[in-house]
Amino acid sequence: MSKEGKIVIDDERLEAFEKEKEKRRRAGRIMIFWRRFRRHRMGVFGLFIIIFVTFVGVFAPFLAGPGRLVPFGPRESNVQARFTPPFSYESAKDTAASQEASTLEKTVAAFYANYKLNFINGMSTTALPHYLQLSKIDSIVDETTEEELWSSSLDPADYLNANGSLRLPTSFNGSALIDYRTGGKIAFQINPSKNKLTFVSIFLAVRVDSPESVWGGKFKVYLYEAESDLNSANYLASSSVQSYLVSTGPSISLRLIDFRFSVAGLQITTGSTYTVVLDTEIMDIEFPGINQYVVTRSGPAEMDPLRTTNQNWNALDGWNDQDTATYEGWMAYVAVFYVTNKFHVFGTDALGRDILAATIWGATSSLTVAFLAQGITTLIGIIVGTIAGYYGGFWDNVLMRLTDIILAIPFFFLLLIAITLWEQISLYFMAIIIGVLGWAGIARVVRAQFLSLRELEYTEAARALGVSNVTIMFKHLLPNALAPVIVQTTLGTATVILIEAGLSFLGFGDPLAVSWGTAIQWGMTGNTLRFAPWVATIPGLAIFVVVLGFNLMGDALRDALDPRLKN
Amino acid sequence: MSLRNYVIRRLLFSIPLFLGISIILFALMINAPADYVDVLRLTNPTMSPEEAANIRHNLGLDREPMEQYILWLLGRNSEVGDWGNFFEEFANFVIFIPFRFIQDTGVLDFGVPDSNFEPGFIFGNMGRSFTGSSINSIIGALAWETIKLQLASLLMSLMIGIPLGIFSARKPYSRLDNLGTTLALFGVSMPVFWTGIMFILLFSDYKIFFGIRFPALGSTSYTLTGNEGAIELLVDELAHMILPTIVLGLAGTALVLRLTRSSMLEVLRQDYILTARSKGLPERLVIYKHALRNALLPVVTVVGLSIGFLLAGAALTETVFSWPGLGREAVARINLRDYNFMMGVNMLIAIMVIVSNLVTDITYAFLDPRIRY
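If you're matching them up, the sequences are chains D and E in order.
Note that the working numbering has the first sequence beginning at 119, numbered continuously upward.
Note that the working numbering has the second sequence beginning at 680, numbered continuously upward.
Bear in mind the hints are in silico, worked out from the structure with no lab data behind them.
Hints are supplied without guarantee of correctness; some may be wrong.
Unchecked claim - Not the full set, but computed from the structure, chain D residues with beta-carbon under 8 Å of chain E:
#  : residue
1  : Ile535
2  : Ala536
3  : Thr538
4  : Leu539
5  : Glu541
6  : Ala566
7  : Gly620
8  : Ile638
9  : Met642
10 : Ala654
11 : Ile661
12 : Phe662
Backbone N, C-alpha and C define an ideal beta-carbon position, used for all residues, glycine too.
I would like the entire structure built from these sequences, with the hints used as guidance.
Okay, here's the thing in structure tokens:
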């Protein structure tokens, strides 16, 4: 051996070595495990993600919704708080940006300009659909001044004939006013130049003067032939929509409502004139601070391929590149989303709901369901697996057949069916359902472990000493069977998050909670995906990151807990 | 035990399994607070209570749960919607089946009377959905759309996942392995419906792929006039399949890659691989002949399971892409509380799962000679 390679052992080194040895000998299971675990850098990263998101979820009431710290109050009172941006409108009022924002929205035209500016700044212009280019938006900017628009009250004589039938305004310039308290009717004419007419879009602008308010209405649209009596029931087609609007500050909020007619058996003649009547009926709720709303329209517009992604397409004619230009409907060009600014860091959806706030609240919902459901799953799985694996025989047969039954039904369908057992779904019901139905996998794992463990000598010894079965099962055997269970639980939590998001996405979630899946669904309604891709993107990224964290940690745990499995 | 006896035993065991599945599903649905008629009343508030009761009676929803279950399972007299004189009807139905069949084809007339007996599930008739159409025909119409999507994505995940997994296992911790495992981890972690939305946005709206707009809605264009040739139709159909197949296949590919890699690594450490190598066999032969066959066992399990759940489709992906498949239909029917339909679909899938599990187990015996039944 060469001299350089020789290790000199002096007393000091020996002492340190003994100390380290003693420390290692005394280290508990958890310490040893932690040493092994932290060698996996990605696993530690996953753990960090999980801790971070849990923190965000727990402190969501303090992170989102300023001035409304109702941490665990009644859920209904929290609903509005969840939709407000995490940065206070009031507290930021003295900043230049907020002054600019509030002054810019003073006139409708200025609002359009402001919006347009934001929109262009918010995303790269190349990504903008061609019909969102500046010139197009300019072409529909209403030159009506604020005073004209808001101060004029609606006189029934303006739209009713002497006999009470609706009269078409002779100069319908694209806007009209309806009293917000009583509702009312408004009619306008359209000239389809193509033989397809399946939708009419109405563009509502609501001016809100108070900081927050909810406003809602029921809208019906009737399609008449031009010369027919508008009051009778001889309309060609009708369609109705219920819509509401959550406003988060003094502003003019815009809402685009699509009405889709069933065109079965409907003959629309090219070039003829038809009358569209919008009948509004206001919902019986409080509207603090809303004065009136204005109905505007514009058109014609191109058929938007994304707007009906979730709808039933059977009644509609489709689209492709060539067809897009030939399709004709009546819709507004201007989208209604706030893009990134001082108050809405991740932008808002069409109802003005802040996406950052939704993402923060989504962490609460998702992790509540995930931890609760996975806890139930693990508990039931361990108990079932233990009993089946330890006793064997009759109980094994019964429990394993039950497992087979559950595994033979598609899990997602089973959940969908079970969720209809509650009229009002809440996060806790969701968690319980997912937990109670999802234990089959863990039970199988535990059973397999017990089948081999119960044959070992120390089990025999414990039995010979007269230790009770329950003690043997849960004290002597279970700790030795836990390693794969811990891994399964970690990976299972990731799956539960995906399942919860999927259920919420399909609309089977808690209607009062904001979940990531629900937020993605907001991003799919109507035109949102086209005009505001961030609504669907941001919550989806959140899901992705959390699930990635659980998966990373699960992989690291597998390596750390069972060195034999290490690749 | 011979293979034949094993199969027979498994099939016999699946009968109580089948009954258990149907009872659990039925119990879940019968206990739901709102039924189909309640949903109808939501959309039509003017419906009178008598009308509602009448619809319930016609659908058989006012019967005792046990009675409903037996009628669903065995069959009923379609005229009274009841047992009627069940055994007589049933006997008539069974005895005259061949005669009635010939008579229906119009070749011969035996004078067999029309039967009021509507066979139940055990005769392969899933009954009528609450909306009135035959469930067999609904499934028949939608099944192919679901199957083609599922098969295509399964094929994609096997064709990409297995070779990549083998390569990763042969050179673990190489650059390509790290890339592959990272991408696989991403694929497992992405919610599939969100991936679908992002794909629609990127490939259909922003057209980032050479400016080509990939169709993202439905399984065919709705602008078809009916005058297209066969090739045009085929191209149209395939074009519509691209995005959903890739989205579904990504998750599958990730799963297969991870499975193949880990089991291949496990197998490559075995003694017989060392033996094969020390015999001087070329590496190609060692990998593809000795190792791969054993390493693919877990992949076979996954494929077997996905074939069993084939008809369940992918409710989320189908919803995102408006794909007219069974998964999307099932979600719509759940919203309608159309429990007959859900019973039918779920039982059909359960049977497929039982059969495919059996086939998977038999395949095991062929792939791994150590396994005997």
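For each hint, the structure was consulted:
Contact between isoleucine 535(D) and chain E, as hinted, is supported at the beta carbon level, the nearest pair being about 5 Å apart and thus within 8 Å. Restraint check, alanine 536(D) versus chain E: the minimum CB separation of about 6 Å is within 8 Å; hint holds. The restraint placing threonine 538(D) at the interface with chain E holds, with a minimum CB-CB distance near 5 Å, inside the 8 Å limit. Taking 8 Å as the C-beta contact cut-off toward chain E, the hint placing leucine 539(D) at the interface holds, the least distance being around 6 Å.
A least Cβ separation of about 5 Å between glutamate 541(D) and chain E falls short of the 8 Å threshold, and the interface hint therefore holds. Interface restraint check: alanine 566(D) against chain E, minimum CB-CB distance 15 Å, threshold 8 Å, status violated. Hint on glycine 620(D) holds. Least Cβ distance to chain E is approximately 5 Å, under the 8 Å limit. This hint holds: isoleucine 638(D) has a C-beta 6 Å from the nearest C-beta of chain E, less than the 8 Å allowed.
Here the hint on methionine 642(D) is kept, as its CB sits about 7 Å from the closest CB of chain E, short of 8 Å. About 5 Å separates the beta-carbon of alanine 654(D) from the nearest beta-carbon of chain E, less than 8 Å, and the hint is met. Taking 8 Å as the C-beta cut-off, the interface hint given for isoleucine 661(D) holds, the closest approach to chain E being about 5 Å. Interface hint status for phenylalanine 662(D): upheld, as the beta-carbon distance to the closest one in chain E is roughly 5 Å, under 8 Å.
Checked against the numbered hints listed earlier, the structure breaks hint 6 alone; every other hint is satisfied.
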